[in-house]
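K.L.:
Single-letter residue listing:
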Amino acid sequence: MTDWGLDDDMLMAFADGELDAKEREAVEKAMAADEAIAQRVQMFIETRACAKEAFEPMLDEPVPDALAAKIKDMVAASEAASAHADPGQETDNVTVLKPKSDLAKPGGAPYWSLPLAASIALVAGAAAGFITGRGGDVQTGGTHLSMLNAPAFSQALGSVGSGDERPFEDGGRFRAIASFRDDDGTFCREFELDESNGSTVVGVACHGGAEWQLRFSVVAGKTDAGYAPASSLEALDAYLGAVGAGEPLSTEDEAAALREFD
Amino acid sequence: MSDDFGGMLIALLPNLRRFAISLCRSRDVADDLVQVTCERALANRASFEPGTRFDAWMFRILRNAWIDQTRRLKTQGTVIDIEDAHTLIGDEGEKSTGNRLMLSATLKAIDALPEDQREIILLTCVEEMSYKETAEVLDVPIGTVMSRLARARKKVAEELGIKKGINGSPDRFDDEEETSE
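Residue numbers (the working numbering), protein chains in the order written: chain A, 3 to 264; chain B, 18 to 198.
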């Protein structure tokens, strides 16, 4: 095995979006060439997603009335006391981290901040297991992904506007979620695919000139016994955050890009 | 000082409570801790620098209050079996099925971590703070944040049966002892 000179801290920092462009590139190169490294990164992505998801419901627990009442009283008393000393100033641009329970979805707010550069395909699922693509090839090791090779799928990627969906003849259904460009200007689509067998694939595919390439996918909606994957959306979010991705294209820009596939 | 300090404080209550629960592993103890935290925050509101992260500032106060509280409890000889409380999961956990089972398995795995790893998972993975922000909240070097965080996630992955990759090279990827404390 090649020694890439990458320790766990580095791989974890990649998963957490803490690396600069040069470091990111080094990790991506290693991931593309060495499946064990890609899997290690995936472990860090998944544990992050699992932790986030597991603690999400706690935000929805109602704050006990007694506690809420006490705090409100304290705040009121404090504001009354400081009203004389400190007459109203403008609200400052303070960052309050809001409970973030929903991902930005159709037409949604930008949640990608950096260009998507990694060409890996991750498949997490009870049946499909774990597959890492090299050079962005579509991997079909799992039965779930059969649909991804169908012409109808490529056709949908190149024509369905974000927020719209298209049924397939086999009973499946394609939903376009958002479009963006990676740092090379390559056109990418985030999509969801309901397959006829009942599972849903969440993924990102990019059009690198000649054809669509699957960059990322997770299988959702499967609750087979044993190992269950982290929520696919959390994993996707973590993935996009880790590798960086451009902001979603506006409806107009997307329409212009799709016209090229006519 | 911003007029909206109180509003921000109240808006952040669910997050404060969540962080407190993860530290105390008891909802009752956590609620007391949140109250003490808010008292301190209001008393020290002038020291909050507008433009910096309010949540990080609050988490730091909460954590310091927790340290003070556990220290005081210990010196008073009060017996509160916090270590055995393990109530991260709450009542809901018992009824879990399917996807919820995974959630409670994750909570269980995180619950079993030492406190210094648990709090870092909460701040980074759950509250989405950067390593740097987390280091500032906890008053430790970034290297310490990273080594604890990596160790915690490896343990969680093990508990959940997530493949860890890199099996054949323990020299590179084994759990390393922390050196930066």
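Hints may be right or wrong, so weigh each one.
To give an idea of the chain B side of the interface with chain A (calculated C-beta under 10 Å), a few residues [what the hints assert, rightly or not]:
1. Asp49
2. Ile84
3. Arg88
4. Ser121
5. Val143
6. Glu144
7. Val157
8. Pro158
9. Gly160
10. Met163
11. Gly182
The list that follows gives simulated cross-link-like pairs (lysine-lysine, PhoX-like), each with its CA atoms no further than 25 Å apart [said to hold, decoys possible]:
12. B:Lys149 to A:Lys24
13. B:Lys180 to B:Lys125
14. B:Lys125 to A:Lys31
15. B:Lys172 to B:Lys149
16. B:Lys180 to A:Lys31
17. B:Lys125 to B:Lys172
18. B:Lys125 to B:Lys181
Distance ranges between label pairs, derived from CB positions [what the hints assert, rightly or not]:
19. A:Gly200 to B:Glu176: 25 to 33 Å
20. A:Asp67 to B:Asp156: 48 to 56 Å
21. B:Val157 to A:Glu81: 33 to 41 Å
22. B:Arg57 to A:Glu213: 58 to 66 Å
23. B:Gly24 to A:Gly173: 44 to 52 Å
By construction, these hints were calculated from the structure, which means they are not laboratory data. Glycine is no exception: its CB is placed at the ideal position from the N, C-alpha and C atoms.
K.L.:
Next step is simple, just say for each hint if it's right about the structure.
P.N.:
Here is what the structure says about each hint:
no.	hint	verdict
1	Asp49	holds (9 Å)
2	Ile84	violated (21 Å)
3	Arg88	violated (23 Å)
4	Ser121	holds (8 Å)
5	Val143	holds (5 Å)
6	Glu144	holds (6 Å)
7	Val157	violated (15 Å)
8	Pro158	violated (12 Å)
9	Gly160	holds (8 Å)
10	Met163	holds (5 Å)
11	Gly182	holds (3 Å)
12	B:Lys149 to A:Lys24	holds (19 Å)
13	B:Lys180 to B:Lys125	holds (18 Å)
14	B:Lys125 to A:Lys31	violated (35 Å)
15	B:Lys172 to B:Lys149	holds (23 Å)
16	B:Lys180 to A:Lys31	holds (21 Å)
17	B:Lys125 to B:Lys172	holds (12 Å)
18	B:Lys125 to B:Lys181	holds (19 Å)
19	A:Gly200 to B:Glu176: 25 to 33 Å	holds (29 Å)
20	A:Asp67 to B:Asp156: 48 to 56 Å	violated (34 Å)
21	B:Val157 to A:Glu81: 33 to 41 Å	holds (34 Å)
22	B:Arg57 to A:Glu213: 58 to 66 Å	holds (59 Å)
23	B:Gly24 to A:Gly173: 44 to 52 Å	holds (50 Å)
The structure is inconsistent with the numbered hints 2, 3, 7, 8, 14 and 20, although it conforms to all the rest.
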